[in-house]
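Chains as they are written, first to last, in the working numbering: chain A, 1 to 189; chain B, 1 to 189.
Be careful, since some hints might not be right.
One copy or any two copies: either way a pair holds, since identical chains are not told apart in the list.
EDC-like, lysine to aspartate or glutamate: derived pairs with alpha carbons at most 16 Å apart [as the list claims (entries may be wrong)]:
no.	residue 1	residue 2
1	52	29
2	52	69
3	111	153
4	111	161
Hint data in this document are derived by calculation from the structure and do not stem from the laboratory. Model, not experiment: these values are computed from the prediction.
There are 2 protein chains.
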Amino acid sequence: MTIATPTTRNGVDTEQMYATLDLLKAQPELGQAQFRVTNRWLGGAHNRSTIKGFFAAGGEDTTRDATFEVDAGEPAILLGTDTGPNPAEHLLHALAACLTTSIVYIAAARKVELTSVESTLTGDMDLRGALGVDDEPRNGFGRIGVSFRVTGDAPEAKLREVVERARQRSAVYDMVTNGVPVALEVTTS
Amino acid sequence: MTIATPTTRNGVDTEQMYATLDLLKAQPELGQAQFRVTNRWLGGAHNRSTIKGFFAAGGEDTTRDATFEVDAGEPAILLGTDTGPNPAEHLLHALAACLTTSIVYIAAARKVELTSVESTLTGDMDLRGALGVDDEPRNGFGRIGVSFRVTGDAPEAKLREVVERARQRSAVYDMVTNGVPVALEVTTS
Chain A
1 MTIATPTTRN GVDTEQMYAT LDLLKAQPEL GQAQFRVTNR WLGGAHNRST
51 IKGFFAAGGE DTTRDATFEV DAGEPAILLG TDTGPNPAEH LLHALAACLT
101 TSIVYIAAAR KVELTSVEST LTGDMDLRGA LGVDDEPRNG FGRIGVSFRV
151 TGDAPEAKLR EVVERARQRS AVYDMVTNGV PVALEVTTS
Chain B
1 MTIATPTTRN GVDTEQMYAT LDLLKAQPEL GQAQFRVTNR WLGGAHNRST
51 IKGFFAAGGE DTTRDATFEV DAGEPAILLG TDTGPNPAEH LLHALAACLT
101 TSIVYIAAAR KVELTSVEST LTGDMDLRGA LGVDDEPRNG FGRIGVSFRV
151 TGDAPEAKLR EVVERARQRS AVYDMVTNGV PVALEVTTS
């Protein structure tokens, strides 16, 4: 009799995960990646990003078939027509998504079967900053609140450890809390 | 004969814009806003944010009819099935969208008619950080490159001033370059 060993936990192929980690330990240079977005203005507060190609594991990706399109907009009070979430809401989504995936992957690595991961994020902003009415308030959120509800087959302490480790490893959490150098160039023809 | 004064420039109602700015100057407390995202894990690297309600101008918004849903995922090499852009790509989109809308609004205020705004953003990351293989590389992008192409009915110098002002006022640019305090809480039942 053969007992199959399930290698998928939380929807993550853990054998592939361990193989990926081993490969990056053996060949650290394969860790270099570049992600890209192109964006086009469509009128007023409406613009759209197109997302497909990226560089990872020593070469340009050839596996992603889909071309993703993500629209942004502003609500009426911010002079738009709700053509999509506004940019600050997209940033909250990026943070929620990254923390969630980090929780799911870390739980898989630690043999925790999750049953649900839900989060609510809030960002408080004084609009006078971004609208240029006053120089005192910053442009962005002064504070972001993240509230997670995580359930699974592990004791509370272990679930909390998983979330804490996700916070320590999340790419977007790192960027949103610590900032990233941004180089901006412009052409006008 | 009546000559209509067009109040819309670049798709932005400039009369509404000036009225909004005047209101915020007169009643600074109306600048307080809160944006929100709720996110739910759907399996593996797939999660979805739902975005609708927000607080602005002294009250809870009642104008936004749409409920936006934005999906995130990971490509195969990062153990996902391409259910959406990955979280770091969503962060690049948030930055592109915010800079673009800032450019469009500032151009409208400065009487510049834009004909196109396009951007390409790149983010370079050592995946060993977020995957926990090595403590040395940071988790997020070490650097973001933003390349804008902006055309319109103004001289190059004025177009460049508009982009520079947008950089100084963009909410997401501020957050991504300077960071934001994030408070994270967890419940496990």
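Taking the hints in turn, this is what the structure says about them:
1. 52 x 29: Classified as neither: same-chain Cα gap 23 Å, cross-chain 42 Å, threshold 16 Å.
2. 52 x 69: This pair counts as within: shortest intra-copy Cα distance 9 Å, inter-copy 19 Å.
3. 111 x 153: within (9 Å within a copy, 60 Å between copies)
4. 111 x 161: within (13 Å within a copy, 54 Å between copies)
Taken one by one, the earlier hints fail for this structure only at number 1.
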